[in-house]
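Visitor: Using the working numbering, you'd call the opening residue of the sequence shown number 4 and step up by one each time.
Since the hints were made in silico from the structure, they are not lab data.
Treat each hint with caution, since some may be false.
[To be verified] Computed list of lysine-lysine pairs in DSSO-like fashion (alpha-carbon distance at most 27 Å, straight line):
no., residue 1, residue 2
1, Lys138, Lys179
2, Lys117, Lys143
3, Lys143, Lys95
4, Lys138, Lys229
5, Lys229, Lys179
6, Lys145, Lys98
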Amino acid sequence: MTDLFWYQYFLIGLVFAWSGFVRTSLGFGGAVLALPFLLLVVNEPLVFLPIIAIHLMIFSSWIAWNGHRQLQKEGLGASSAESNIDWGYLFKALKIMIIPKLIGVIGLLTLPAKVMTSIIFGIVIIYAIGYLLNKPFKSKNKYVDYVLLALGGYVSGTSLIGAPLIVAVFATHVAKEQLRDTMFVLWFILVVIKMVSFLIAGVDLQLIHQLWLLPCAFLGHLLGEKAHRYMLKADTGLFFRILGGVLLLVSVVGLVHPPA
């Protein structure tokens, strides 16, 4: 990520602030709602995925730990029913997702950048249509659960954007008050696997750019905390429809006129 124009760095920083906002406010989507915009600036998924992965590890562990501390302050115990994390379902889901996750990582490291970019935009279009029609993925059957978790694991391995598929399943099995923190622990585990693969493959982790992109994401994180508290009480249907429309437009433009 060198030799870019100043406005490209500005746009990248803005997108990472957006990523932090979405991740914290919704509990997912920091990658799926940021990658389409990032790829319009620089058409190299492997440039941004390590940065997104490190951000996920930092903020997911931070938020989950804060949730645990809050319960401790309230004097609650560590039982499953009183925890901010549903450990039982988390490990059950991981058993289904782990092999597809590893297969997806291999695909990411072997497929050409242009092919990977097209796959990412295509997946985001599907998500965007669901948001636009206010009909996101939902799961009410255990066999559908298995398929969505496996697909989510694979997509997470290829591009870190499997969250909507995975959340569709978790939302039907995990209590509302545990859902966000449970998802953050899951993201941390999945990202650790991807980071190990990056290190083995010698992928540039863009550590220098972390110095200025992490504060951008942190700013979005602070705004996202406020939005999360508001969204727990408000109807978010309009927000998702607008979001779906923007994502659909960006993804179609990215497929028709891919960045150089």
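Visitor: Next, verify each hint and record whether it holds.
Guide: Taking the hints in turn, this is what the structure says about them:
1. Restraint check for Lys138 and Lys179: satisfied, since their Cα atoms lie roughly 19 Å apart, inside the 27 Å limit.
2. For the hint pairing Lys117 with Lys143, the CA-to-CA distance comes to about 35 Å; that exceeds 27 Å, so the pair is violated.
3. The straight-line distance between the Cα atoms of Lys143 and Lys95 is roughly 17 Å, inside the 27 Å bound, and the hint therefore holds.
4. For the hint linking Lys138 to Lys229, the alpha-carbon distance of about 25 Å falls within 27 Å, and the restraint holds.
5. For the given pair, Lys229 sits about 18 Å from Lys179 by alpha-carbon distance, which is consistent with the 27 Å threshold.
6. For a cut-off of 27 Å, the pair hint linking Lys145 to Lys98 stands: about 14 Å separates their Cα positions.
Hint compliance for this structure: hint 2 is the single one not met.
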